[in-house]
Amino acid sequence: MTTTQEPVAEQAHGTHRMTTAKAVAEGIATEMRRDPSVVYLGEDVGAYGGIFGATGGLLDEFGPSRIIDTPISETAFIGLGIGAAVEGMRPIVEVMFTDFMGVCLDQIYNHMAKIHYESGGNVSVPMVVTMAAGGGYSDAEQHSQCLWGTLAHLPGMKVVVPSNPYDAKGLMISAIRDDGPVVYVFHKGVMGLAWMARNDRAVGDVPDEAYTVPIGKAAVCREGKDVTLVTISRSVHHALDVAERLADEDVSVEVIDLRSLVPLDRPAILASVAKTGRLVVVDEDYQSFGMSGEVVATVTDVDPHLLHAPALRVANPDTPVAYARTLEQAILPMPDRIEAAVRRVLAT
Amino acid sequence: MTTTQEPVAEQAHGTHRMTTAKAVAEGIATEMRRDPSVVYLGEDVGAYGGIFGATGGLLDEFGPSRIIDTPISETAFIGLGIGAAVEGMRPIVEVMFTDFMGVCLDQIYNHMAKIHYESGGNVSVPMVVTMAAGGGYSDAEQHSQCLWGTLAHLPGMKVVVPSNPYDAKGLMISAIRDDGPVVYVFHKGVMGLAWMARNDRAVGDVPDEAYTVPIGKAAVCREGKDVTLVTISRSVHHALDVAERLADEDVSVEVIDLRSLVPLDRPAILASVAKTGRLVVVDEDYQSFGMSGEVVATVTDVDPHLLHAPALRVANPDTPVAYARTLEQAILPMPDRIEAAVRRVLAT
Amino acid sequence: MTTTTPTVPIGTTSLEPDVRRGLYRTMVLIRTYEEAIRREYYADKGPGFDIGKGLVPGEMHLSAGQEPVAAGICAHLTADDAVTATHRPHHLAIAHGVDLDAMTAEIFGRETGLGHGRGGHMHLFDPATHFSCSGIIAEGYPPALGQAFAFARRGSDRVAVAVTGEGAANQGAFHESLNLAALWHLPVVFVVEDNDWGISVPRSASTSVPSNAARAAAYGIPGVRVEDNAVEGVWAAAQTAVARARAGEGPSLVEVHTLRLWGHFEGDAQGYRPDLEGVAGRDPLPTYRAALEADGVLGPTEAETIARAASDRVEAAIAAAKAAPLPDPAHATDYVFA
Amino acid sequence: MTTTTPTVPIGTTSLEPDVRRGLYRTMVLIRTYEEAIRREYYADKGPGFDIGKGLVPGEMHLSAGQEPVAAGICAHLTADDAVTATHRPHHLAIAHGVDLDAMTAEIFGRETGLGHGRGGHMHLFDPATHFSCSGIIAEGYPPALGQAFAFARRGSDRVAVAVTGEGAANQGAFHESLNLAALWHLPVVFVVEDNDWGISVPRSASTSVPSNAARAAAYGIPGVRVEDNAVEGVWAAAQTAVARARAGEGPSLVEVHTLRLWGHFEGDAQGYRPDLEGVAGRDPLPTYRAALEADGVLGPTEAETIARAASDRVEAAIAAAKAAPLPDPAHATDYVFA
Ligand SMILES: Cc1ncc(C[n+]2csc(CCOP(=O)(O)OP(=O)(O)O)c2C)c(N)n1
Ligand SMILES: Cc1ncc(C[n+]2csc(CCOP(=O)(O)OP(=O)(O)O)c2C)c(N)n1
Ligand SMILES: [Mg+2]
Ligand SMILES: [Mg+2]
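Chains as they are written, first to last, in the numbering used here: chain W, 1 to 348; chain P, 1001 to 1348; chain S, 2001 to 2338; chain D, 3001 to 3338.
Hints listed in this document are in silico derivations from the structure and should not be mistaken for laboratory results.
By construction, the Cβ of each residue, glycine as well, lies at the ideal position given by its N, Cα and C atoms.
Any given hint could be a false lead.
[Stated by the list, open to error] So these bits of chain D aren't anywhere near chain S, every CB distance computed over 12 angstroms:
1) Asp3018
2) Thr3078
3) Gly3155
4) His3175
5) Ala3182
6) Asp3196
7) Glu3266
8) Val3297
9) Gly3299
10) Glu3302
11) Ile3306
12) Ala3319
13) Ala3320
14) Pro3329
15) Ala3330
[What the hints assert, rightly or not] Quick look at which bits of chain D chain P covers, simulated, 3 or more residues with Cβ under 8 angstroms:
16) 3041-3052
17) 3197-3203
Could you build the full structure based on these sequences and the hints that come with them?
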């Protein structure tokens, strides 16, 4: 995987190979060592280490006063994070699955995201909300959603969605250091968990030291000239697989990993589409009223004639994510659907 | 206002002039008379008649066992609606403002909207959730949102948003008779409330009898050939105002009132853009990751070359709705911004 | 609040032998089922453990150890009464009489399942017995209110039973539901399964009071806690609560101190659990069997007969599920709208 | 739960005259403010009533009648303590010492306002006094927990006061907040302003128990209800609760049976309110003034002096607000991100 990301390294050291989950935890640990006002709150984040491993090992290093298990009271503990942030702490608060945001979304969009604006900039809310997203392992309708489109529609918070260990650590450090609220969504399928399907792209080299990945800058993970694949998180892996496969047929696919939905790196999208003239957006979220439409509109805002063919969208077809694998695999934007879309857009 | 809507009248009678608020209440009353399983639940829907008048007069006719004031417990009473619907009733449940959906969204998208799918079609949830939306009267960040884009992104529920008395009554009757969940959002500015700025488009002739307006069919409220204005609810009024003004300059604007976001009447959008070649989407919701992008993508899904100019979006600029009127009016998609967009798109 | 600790000293129970035998039979059927599902769940996850693999993929929350709750509560219900359960629903579904074949087919993701394979183990919907469940914490409570509301409207004496865990009792929906049901005197029985743990978080780290039954007073309704995972204690508490609901006197809360015999979900190593060693010894099944045998309620070979019948029933359901067709992907987007 | 009904028989209070005079002065300032805002609110809404018109557009929830709560609670706080209020926040803001000029400018939507005109009357944020409010029911409780959490972390004895109405106490956030604060012994004082109404819904139609103070037991924390809108009763209850929080002993709940003297918001005709006639007679201000005058705490002309000072202060704030610049629309999208 070629990435154009430029690490803003604080100090050059070596690198070590690790999973995305470990990279998330390392990003958190790095900042917790540096800044005593950082705490991590959520369900099963302590002894369990986070259901998806985001806080593995942190309890041992930082103890229960900073890695804090909460009751199943998302509204209360996200609100607690907000109040603590308002008073100058830098809390990270975990909502175990994006799917669960419905029980606490008010704190997120009406409070966390709006206080800075309502106060005319006088009050800041430097907090991070982490959430696990995505399907692919038959966890069904209430445990397989991405919903980053829902989050990105609501103003006042940044929304980052890393796809690999390098970005995961660097974006986590950026998110913690950001003076405003950041929602940090990780797809379970990029975490490199031992109990999920093996995914080589979920392991990578990560610099030892602290570094930031800028929030709002997409990565061109693979350069190409025939078609632009714009996507995010787990779907980046599928897109790269498809791109590699099609390279054998001399089809040159450019893959853009947005890395954050808010801010959305519109220049990166435009530059690539201007070059290729063809766009496929891949999104594991629901198709309509979400990321795929926004990426397309980014182009038509400026010039629809950049597009030499329909802009195809490969996303969850406005259907809940079913349990049975036959159905689930038909709903998710899997490589075969991505490949078919690329072929179709090239044939137009 | 010319509408192409074809009333599916059950019986031809006369018409009477009324506000949208009264038309909503009349639609509810019509169905409550016909179907004893219809009840209306919410905060201040009884003696108060609904904060925005949607249930005015209903308590007198149907009594407190069918027009039911609830505690401020949206999660509990929406869930109650779901359970009652599952058992064969047809509850209508009011969330006073769309802004408040964050306290109860789980019941809406993870339960109401998904049960039919999860049960493989064996369980139906025939209920309506009503919500008031929109700004323009300085109610600030937590009481001026539209958020219909948020609702429309989540699968399994229809989302209807009437702009006038005729549609309000007909869509309410359709929503109640629908065998699945329907979210019925009304913009406060279309209700014709005595305590808000006068709006002549909020009053209209409504057939006396029961009739349905089909959910999922847009209305071409004004035919034109130079540019297509696609919009919804309160912004339809602004769009028509702009269209009338520009007609004096021999600019012919077609105005499409989507009437529902889910289902989205894509053929109507495509037919109009195929004719005019120019598209402006007006949306009082937040711009990004919402309706405006989806409408644009509806065109690029099929053929970006239908667009002879950038597809402009006039929406709330990803900013909370401010209190001070100077700021609020700059944020909302008011007629001057719509007009400027039409001029710009015609100049390209 | 009343705390009852009916340890059922031998020969002193007032329960009919038939009822006791019935409770035991239900408990055995549940345990047999959970053991079989566990076996099938792990059967094809390897090498290693890939949660997405096998005939039963995804998360799997089994209810072993919590049989007394399901058996004791559902003994008072008919198929006309409603039960809403949680992410851990099998014991309640079985005790409430959900068709075992359709339920099993659903867990195996088959077209013949309760939801044609759409829902899986956390989303079992059975209109025939008004059974449903939800994977979102405490959010299964509110719909039960609506079922009770509809039942009461029709002048029936049907009731709705709403179940959550003790961890869930700290979620807002719990509070809102209890208040609304109490206010409107809805025929609901709220059940809290206190198995001491919410995944890895012990009750002491989630709940500011020792018992959720005490919280019933905050809504002006009766609250009772049954100690020791005692099935007959549950039976008695549920009898009162269900009768109250049927009589139109409103909701009650029944908390049962029960036992999570296994992990939160399958694959949970439970490294966080200091009480792990003692857990097996608290298994309610051998205890109850011994009590019934000592009382002569179960004859010398009866337990074996019950176990065999349960096993035959469960294995038949599993075999049928395995033989059933998988859902056709061409229909993945069916059932989005009614 | 303790119910206190300190009707303050003349001459029997143990409160220092200075404290009593201070309470009265705060109450008068609040009332003067609310009357002036009400005047300005209606000044330019006509012809008829257009909620979006005038110098103070939008919804307006005034706190007249609820002065005893604010005065009694905030008397125990310094600017280092936090207060989170609701959609009806003015009395608490004033009693807690939020700068009147900046607050008034905010209500008038001016660039010099607390939030540069962005927030308006339901979104007053004052870092100097750690004051904030929210228009979403009960959702102002959770952030107060975080302020208390931060205070406790730093080893200070600062407290956070979280206020809602009795209607709000049936929202999930109420329950979650009380449990979490109790569990972690956070220095929070939860205040419930029971003014009998949630818009048009009386307490009896929203709350299954007569008093929210009784609900404190569900979290193992002290709960007290102050009857009769008695400012000195509030003062005493708050003294205990604040001291407990400062001492690190955890949260308490204080409910005050207070009075909504006017409509839910301005423009509310209150046709639903059967108690409307008696309301004026329950106004806490003349009662308290009479008590203080009878006790000699207020001299013959002192009340007039206090009233005049309050009026001068309020009118100066309003005049300054009117003279201040409106926000520049070119900056409407500032402050979205920090
Ligand atoms: C709103 C929400 N938050 C978190 C979760 C994740 N979760 C699933 S089960 C569980 C623990 C539940 O504990 P308890 O209520 O005691 O039930 P038990 O698992 O012990 O039966 C959690 C936190 C969820 N499903 N929903
Ligand atoms: C979650 C939510 N639901 C509904 C509302 C609308 N609302 C605003 S104030 C109010 C009544 C509040 O009553 P109470 O808590 O008693 O406070 P009071 O107005 O009496 O001070 C309601 C229902 C809201 N703001 N937020
Ligand atoms: Mg538990
Ligand atoms: Mg009130």
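Hints and how they fare:
Under the 12 angstroms C-beta cut-off, the non-interface status given to Asp3018/D relative to chain S holds; the minimum distance is some 38 angstroms. The non-interface label for Thr3078/D is consistent with chain S: the shortest C-beta to C-beta separation is roughly 28 angstroms, beyond 12 angstroms. Every CB of chain S is more than 12 angstroms from the CB of Gly3155/D (nearest about 23 angstroms), matching its label as outside the interface. Against chain S, the non-interface label of His3175/D is violated: not every CB pair exceeds 12 angstroms, the least being about 3 angstroms.
A beta-carbon of chain S comes within 12 angstroms of the beta-carbon of Ala3182/D; the shortest separation is about 4 angstroms. Residue-level check passed: Asp3196/D sits 16 angstroms from the nearest beta carbon of chain S, beyond 12 angstroms. With a minimum CB-CB distance of about 29 angstroms to chain S, Glu3266/D clears the 12 angstroms threshold, and the non-interface call stands. Every CB of chain S lies more than 12 angstroms from the CB of Val3297/D, the least distance being 39 angstroms, so the non-interface label holds.
A cut-off of 12 angstroms between C-beta atoms confirms that Gly3299/D is not in contact with chain S; the least separation is 47 angstroms. Distance check on Glu3302/D: its Cβ is at least 44 angstroms (rounded) from any Cβ of chain S, clearing the 12 angstroms threshold; non-interface status holds. Against chain S, the non-interface label of Ile3306/D holds: every CB pair exceeds 12 angstroms, the least being about 41 angstroms. With 12 angstroms as the threshold on Cβ separation, the claim that Ala3319/D sits away from chain S holds: the shortest Cβ distance comes to roughly 44 angstroms.
The Cβ of Ala3320/D lies farther than 12 angstroms from every Cβ of chain S, with a closest approach of about 42 angstroms, so its non-interface assignment holds. With a cut of 12 angstroms on Cβ distances, Pro3329/D stays outside the contact zone with chain S, its closest approach being about 39 angstroms. The beta carbon of Ala3330/D is kept farther than 12 angstroms from every beta carbon of chain S, the shortest such distance being approximately 41 angstroms. With 5 residues having a beta carbon nearer than 8 angstroms to a beta carbon of chain P, the region 3041-3052 of chain D meets the requirement of three or more and the stated coverage holds.
Chain P is given as covering the region 3197-3203 of chain D, and this holds because 4 residues of the stretch bring a CB closer than 8 angstroms to a CB of that chain, at least three being needed.
Violation of the numbered hints given earlier is confined to hints 4 and 5; the remaining hints are satisfied by the structure.
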